[in-house]
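With the numbering used here as the guide, the letters of the sequence shown map in order to residues 32 to 238.
Derived by calculation from the structure, the hints in this document are not laboratory data.
One or more of the hints may lead you astray.
[What the hints assert, rightly or not] DSBU-like, lysine-lysine: derived pairs with alpha carbons at most 35 Å apart:
hint : residue 1 : residue 2
1    : K188      : K118
2    : K188      : K168
3    : K93       : K188
4    : K104      : K89
5    : K118      : K89
6    : K89       : K230
7    : K93       : K104
8    : K118      : K230
9    : K99       : K209
10   : K230      : K93
11   : K89       : K209
12   : K209      : K188
13   : K118      : K93
14   : K99       : K188
15   : K230      : K188
16   : K118      : K104
17   : K188      : K104
18   : K168      : K93
19   : K104      : K230
20   : K230      : K168
21   : K168      : K89
22   : K168      : K104
23   : K230      : K209
24   : K188      : K89
25   : K209      : K104
26   : K168      : K209
27   : K99       : K89
28   : K99       : K118
29   : K168      : K118
30   : K99       : K168
31   : K209      : K118
32   : K209      : K93
33   : K99       : K230
[Claimed, not checked] Cβ pair distances, simulated, as ranges:
hint : residue 1 : residue 2 : range
34   : M138      : S173      : 41 to 49 Å
35   : F126      : H82       : 34 to 42 Å
36   : L212      : H82       : 22 to 30 Å
37   : L100      : E191      : 16 to 24 Å
38   : K118      : K209      : 19 to 27 Å
39   : K118      : Y151      : 29 to 37 Å
40   : D152      : H128      : 26 to 34 Å
Beta carbons are placed, not taken as given, at the ideal position from N, Cα and C, and that holds for glycine.
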Amino acid sequence: MIHRTIVIAFASVIFLNTNTAAAQKIDVNFDLPADSLILIETPETEVSPLHLERLIRKYVNKVRRQHKLPELKHNESLDPIARDHSKDMGDQDFFDHTNLDGETPTMRGHRAGFVCRLQYDNVIATGLAENLFYTYKYRSVSRAYFPDHVRLTFDWKDEESIAREVVEGWYNSPPHRKNLLHERSRSHGIGVVITSERKIFATQNIC
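All chains, please: the whole structure from these sequences, using the hints.
And the structure:
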């Protein structure tokens with residue numbers, strides 16, 4: 032496996048014209064020849080983590096309305112807790128509710144000064160619920176090998192499709208769906224991080 036910085040050259044499918052291309056850098060892991068020039072033809076779609084967070088909140092509440100449940104309010108105090116965990120997973124290359132320091136979602140909330148309290152009849156429960164998801168900015172990538180270069184063609188996703196994928200992933204997983212549709216939950220925060228390898232981490236913390 033070779034970790035490379037490759038040049039994206041936007042060109043037509045038929046003619047590879049790097050002179051008029053807008054070039055940028057992208058870090059991607061692929062099994063490609065170490066000495067090859069790698070060209071990516073398909074323009075990368077613009078994806079804003081903040082906009083993705085808003086879209087995910089929208090689709091979460093759409094699902095809750097469909098199940099006759101109250102919408103979750105946007106809790107801005109939870110956003111940085113969720114973002115920090117998404118960033119930690121991307122930076123440290125793990126995917127788990129417990130981070131590499133052994134902190135659970137509730138412990139990370141306490142460290143940030145946030146304590147969730149929910150009342151169940153005469154009992155007050157504390158603790159953050161959490162949903163996690165990861166995906167990529169692209170659906171697929173095809174490779175074409177030429178004598179002087181390797182051509183990569185990405186099928187990029189847009190923001191709406193990514194947000195739907197995240198929420199559908201949670202809904203289709205029984206433990207995550209239970210968090211998503213908990214009748215006593217009242218607020219949530221979303222944190223999205225996109226890595227240099229175009230991997231997207233989404234964390235939802237629910238109170």
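Q. When you take the CB atoms of K118 and Y151, is the distance between them in 29 to 37 Å?
A. 33 Å, holds
Q: Sort out whether K104 lies within 35 Å of K118, counting only the CA atoms.
A: Holds, at roughly 23 Å.
Q.
Holds or violated: K99 and K118, Cα atoms, limit 35 Å.
A. 33 Å, holds
Q) K188 and K89: Cα distance at most 35 Å? A) 18 Å, holds
Q) Does the Cβ-Cβ separation between F126 and H82 fall within 34 to 42 Å? A) 23 Å, violated
Q: Assess, step by step, whether the Cα of K99 is no farther than 35 Å from the Cα of K89, and give holds or violated.
A: 15 Å, holds
Q) Holds or violated: are the alpha carbons of K118 and K230 at most 35 Å from each other? A) 11 Å, holds
(Q) Can you confirm whether the C-alpha distance between K168 and K89 stays at or below 35 Å? (A) Holds, at about 20 Å.
**Q.** Satisfaction of hint between K89 and K104, Cα-Cα up to 35 Å
**A.** Distance ~11 Å between K104 and K89 Cα, so the pair holds.
Q. Within 35 Å, alpha carbon to alpha carbon, are K99 and K188?
A. The hint holds at about 30 Å.
**Q.** Distance restraint between K188 and K118, which requires alpha-carbon spacing of 35 Å or less
**A.** This hinted pair holds, its Cα atoms lying about 21 Å apart.
**Q.** 35 Å Cα cutoff - pair K168, K104
**A.** 27 Å, holds
Comparing the model with each earlier hint shows a violation of hint 35 alone; every other hint is respected.
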